[in-house]
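Engineer: Residues per chain are reported as follows:
There are 6 protein chains.
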Amino acid sequence: MTHQADAYRIKAEPYYQAQGREVALFEAAYRNRLPVMVKGPTGCGKSRFVEYMAWKLGKPLITVACNEDMTASDLVGRYLLEGGGTRWLDGPLTTAARIGAICYLDEIVEARQDTTVVIHPLTDHRRVLPLDKKGELIEAHPDFQLVISYNPGYQSLMKDLKQSTKQRFAAFDFDYPEATLEATILATEAGVAPELAARLVQLGQTARNLKGHGLDEGISTRLMVYAAKLIRDGVDPADACRMALVRPITDDADIRATLDHAIDAIFA
Amino acid sequence: MTHQADAYRIKAEPYYQAQGREVALFEAAYRNRLPVMVKGPTGCGKSRFVEYMAWKLGKPLITVACNEDMTASDLVGRYLLEGGGTRWLDGPLTTAARIGAICYLDEIVEARQDTTVVIHPLTDHRRVLPLDKKGELIEAHPDFQLVISYNPGYQSLMKDLKQSTKQRFAAFDFDYPEATLEATILATEAGVAPELAARLVQLGQTARNLKGHGLDEGISTRLMVYAAKLIRDGVDPADACRMALVRPITDDADIRATLDHAIDAIFA
Amino acid sequence: MTHQADAYRIKAEPYYQAQGREVALFEAAYRNRLPVMVKGPTGCGKSRFVEYMAWKLGKPLITVACNEDMTASDLVGRYLLEGGGTRWLDGPLTTAARIGAICYLDEIVEARQDTTVVIHPLTDHRRVLPLDKKGELIEAHPDFQLVISYNPGYQSLMKDLKQSTKQRFAAFDFDYPEATLEATILATEAGVAPELAARLVQLGQTARNLKGHGLDEGISTRLMVYAAKLIRDGVDPADACRMALVRPITDDADIRATLDHAIDAIFA
Amino acid sequence: MTHQADAYRIKAEPYYQAQGREVALFEAAYRNRLPVMVKGPTGCGKSRFVEYMAWKLGKPLITVACNEDMTASDLVGRYLLEGGGTRWLDGPLTTAARIGAICYLDEIVEARQDTTVVIHPLTDHRRVLPLDKKGELIEAHPDFQLVISYNPGYQSLMKDLKQSTKQRFAAFDFDYPEATLEATILATEAGVAPELAARLVQLGQTARNLKGHGLDEGISTRLMVYAAKLIRDGVDPADACRMALVRPITDDADIRATLDHAIDAIFA
Amino acid sequence: MTHQADAYRIKAEPYYQAQGREVALFEAAYRNRLPVMVKGPTGCGKSRFVEYMAWKLGKPLITVACNEDMTASDLVGRYLLEGGGTRWLDGPLTTAARIGAICYLDEIVEARQDTTVVIHPLTDHRRVLPLDKKGELIEAHPDFQLVISYNPGYQSLMKDLKQSTKQRFAAFDFDYPEATLEATILATEAGVAPELAARLVQLGQTARNLKGHGLDEGISTRLMVYAAKLIRDGVDPADACRMALVRPITDDADIRATLDHAIDAIFA
Amino acid sequence: MTHQADAYRIKAEPYYQAQGREVALFEAAYRNRLPVMVKGPTGCGKSRFVEYMAWKLGKPLITVACNEDMTASDLVGRYLLEGGGTRWLDGPLTTAARIGAICYLDEIVEARQDTTVVIHPLTDHRRVLPLDKKGELIEAHPDFQLVISYNPGYQSLMKDLKQSTKQRFAAFDFDYPEATLEATILATEAGVAPELAARLVQLGQTARNLKGHGLDEGISTRLMVYAAKLIRDGVDPADACRMALVRPITDDADIRATLDHAIDAIFA
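Protein chains in written order, with the UniProt record's numbering: chain A, 1 to 268; chain B, 1 to 268; chain C, 1 to 268; chain D, 1 to 268; chain E, 1 to 268; chain F, 1 to 268.
This is chain A alone, in the form it adopts within the complex (with noise of 0.2 Å):
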């Protein structure tokens, strides 16, 4: 089990400048066992901060990208068929019980029902995981903690949780770090100058302006360290931010327009 944990422990401090007072609160929230739900748009930060935490806190961390197509049996674990008999494999979450991680659901809104509810008796006052399967109940480790992910930006009428899911987490709001924070960010993952940092984040920021307007989603911080790495390397700034920048996030003939025109007003 020790040995399990291990695995799944973060070997060094990720890379992580705090937005607020995030690090406290989740902290606060760890010691009081509740389950935590991080919101924000894509590309802000969300995992690398449940990273961050699982390191602060000392605790193995396991990640699940959801998605449409995964069953409560991926997460909860399946028989496999072995040496003319079967075999229980435990699947990440029932593992993370076990063992006492943090488990990540990373975009729980992509997942079918069964997935969300399947985590419902672990949420509340029981913190057990039943493997209806198995015939099995496990009792969650003390050290044991939820974490899910979720995207305002996607919710509908079609595809959002159930309030009796949302009910179960206590909630972080995220957004893009502001712009020195972003800079500072720049610089130190790509190892660029502060003054292109700058640039970079004011050409980011105009994007992020067009959201709502031909755009679905701002520039993310990711895309942005893409622009500086390239540059970095030697390529073209204008070349390097319309590669990594403007031509993976829109297809608008205007909105490239747009972009590509601020493009060249901050690098001329």
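No wet-lab data here; the hints were simulated from the structure. Note that CB positions come from ideal geometry on N, CA and C, so glycine has one too. Take the hints with a grain of salt, since some may be wrong.
What the hints assert, rightly or not - Stretch by stretch, here's where chain E covers chain F in the computed footprint (C-beta under 8 Å, at least three residues): (1) 61-67; (2) 230-240.
Stated by the list, open to error - Some chain C residues close to chain D (C-beta under 8 Å, calculated; not the full set): (3) Y30; (4) R31; (5) F174.
Go by the hints and put chains B, C, D, E and F onto chain A.
Structural biologist: For chains B, C, D, E and F alone, coordinates are given in the frame of chain A:
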């Protein structure tokens, strides 16, 4: 069998505050072995009530969280491959019928029709469960009772119980506890002062008035316990309320502003 | 075979109060081995009638609760893996055809088309059941008869029997028992005084008048037996009626008020 | 092979009254091994005709009731697990092609497209059936013929045979027998007096005039045989007609009144 | 391998009457190993043409009738359970790629997208077939060629080949043979006199003019061969034409009257 | 491992004509191991470019043609039954991550969401692939890179990459080569004279102008190579162009007439 029943017995008295005559009425329903339907919004204490009754009646409790991907086999049982042959594994409903447990199907409306139809012969004068795939007809243990929960707020034309299912149950209506009772619950569960509990209840009732005016559901007692625990742990009351009561249940900016304003007013 | 047939034989005479000439007409249909369709609203006694006829005719009865996830294999049978090979397991319809039972398919409209088509060769002059997957053609036992139930209230364009299925059955119409008869049933089943039974029937008829005016179905005789049992057990009549007759069937506030008002008037 | 063919041979001459030249025309189609499509409303004698022709031609008959859940494997065959390996089991179509039977696919329109496409190579100049999963190409036995039935009344945009399937068959139109013939059939099948048979036919024709005016289909000859049998058994004619001819086919109160009125008029 | 290829070789020259330069053009496409798409209405000779070309080029031919339930595994192959382990079974496409056959996918539009995508790497410069489930990459035999058929009459927004599939094929248009040629075909295939063949062609052309005016498709050459065979067998020409040309293709009373009238006029 | 990598290495330099700075930019992206998205219409050379880059970088290339029936298991791997137990078989994505290949997911938009979500942990700072079903976490080989292709012409509300996927890639735009370059490609690939190649390019550009005016897509360079090969083989230029450029891409009579007219004009 006795051993198996013991595994499902509630060890300690669950904390439960009666809202009315529901305990005596449930006992009468159980004496007549009437199937019971527990109705009410999320997080108002339905599951806790069933757990409490199982403890009070001294009967084992088997809980199943229903979901739309659950099949009749998940309830009744299935064959497993083993040692070159197959072995039958009872599902939770079958186990309950054999050992004389209270079987609690949580959020039955979520299940597919094959699940709901499977309970029909167990809920009329026959009290039998045919295991068609095994060719066995189980007569329910005299102590067996079926309990289902049902959230009328989710009821729609597309997803509702059929009348031929509904008309097999005696029904109990639940709602959030009235103010004094709810404050007692918060004080007891989270270990906070009565005065703080009262303020949280006041806030919860404000939010519940928004149901149907921008909120799908009111704030559950469960979330209010979360907030109380965080405050007791030293978190600033406004932070705790935003994180436990507001952020999880809505992304609507107006509703958030209204609720944040109420928090500031109550904890000023 | 005899042994298997005995397992499905009704041991004791089921309590059944004839509503008209249905017993003699069913006997005539059985003498001519005509397939029979029993029509009527939920909880009016269709299943009890079939059980009674099986007892009166001294034939085994095999009942199947149909549902939309039931496959033809669930009725006919399937291969099971066993000891390195496969073993055929007869389904309930096949068993009935072999041992000469009455096979009762409850709520046939719920089943998928493959279920309904599978009964065609058993319900015309051929009286055979081809087990395609086993390569066997079963000639039905001379005592075999097929009975199906059908609730016209559910009939819709999307879900109805095909004419090519309907035109294989002689049909019986059922409805709630008339008042005197229903009171006798309540008194007998729940052991209550005739006067109380009469009041409950009066209440039930009030509710049935609301069908189509806010209620999908009338109150079944079954629920009225529930209420009678609770009252006999000492529950306050108004509590018993609300719990057994009103709360299960509607969440509409107006309808509830109307029914609660009727309860108060009748049990004042 | 001969043994298997015998199992599918019709033992006794089926009772069949020719409506026109269909027997000679079917013989010509069979001599040229043309695939045949038999069209007409439910219960008018299509299946009986095919059975009769198989008897007259002295060929085995394999009948398959098609349904929307039937797969190509149900027709062609599949591998079964056995003794640590797999064994191929021919489906009914494959058996028919091997032994030279007439294969009758009843209500082909109900089947999914993979069923209908599977018959294509058997119904053109190739007369082969590729068992893709077995890697075998079967050349049909010289006696093999494919016959399908088709009810034009069900034909819709959503569910119709493709022209590429239709244009592989010679087609026969069927309808209810004309009055004198139908009365002869009733008298012969149910053993009733010609005068009673004539009255039932008169009633049947009244009902058939309502097709398209509230009835989806006319009353089949099969149901009229039911009514005749019940009357011969001593059941009151009006009861027998209501039970066998009216109740099974409609729940519409007006249509029922019209038909009940006709019954009273004819049997007064 | 040679043995397997022989099993798929066309033994005798198929009867084929060229309509234009299609034989020489197909030979050029085959010399350059261009994938070929054969377009045209049902029953106009597309499959016969492909069979003829396979015979003329002396290559084995593997034909697959596509359908919407066919999976990529049905084309490529799958693992079978055998003797305690698994054995890979090549699908028809894989076999064709290995032995250098012409693989003919009939009615490709019917197939699901995974089938159509599976042919992409076989139809560009790579000429490979990855067996992902087996971890093997097959280089197509130099003689391998892919041919698909396509009926533009079925083409709709919902079910059409993607441009990324279409743009991998050279295409041949087919239509019904012109009158003299079609009469020759009827006379040859059915062994009837040229004068009768000419009358049938005249009737067929009348019917084809109704396409789009009540008929979905014209009458195929195949059905005209049916009619000719029945007449040669002694069936009355009007009976034969109704049975082979009219009844199979339409149930519309007006269209039937028009066609019956044409039959009477031509065979009077 | 080395051996397996060699199996996926490109043996000979693929013929590729650069359209701009894409080769140098891809090299920079690869040096920073940025995931890459290649955008453009069908048949414009996207796959050839990726193949060329794999050859130039000296890395193995594993290509997967995505489709809507492909599951995450098809990419990641699955258990096979073997010798009484199960054996894990790596999928192509897992193999690529282990051996340090470039993994090219062609037409990623066709895949279901579980496929696209599965690549998330491989395309951020983690560079890991969790094999949930095996309980193994693979750290990608330092040489591993993910490349996807994307045809913006297919993009729709129903089927588009999520922003949380898009924002993980640097993107390259592709289009048909400009005229001189495309003529060089035709001359080189098909071995035709420059003058003929130029005429074909002229024809192709005419057709591309019809995109959006009756044509869904322009004519691909691939089809133009087909036409050139047929002409070099002796086929009449007009026949070759109709067969390779017109017939495959449209059945619209007007568009065909326009294109046929252009062919006659250019090859007159």
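Engineer: Identify every previously stated hint that the structure contradicts and give their numbers, smallest first.
Structural biologist: 3 and 5
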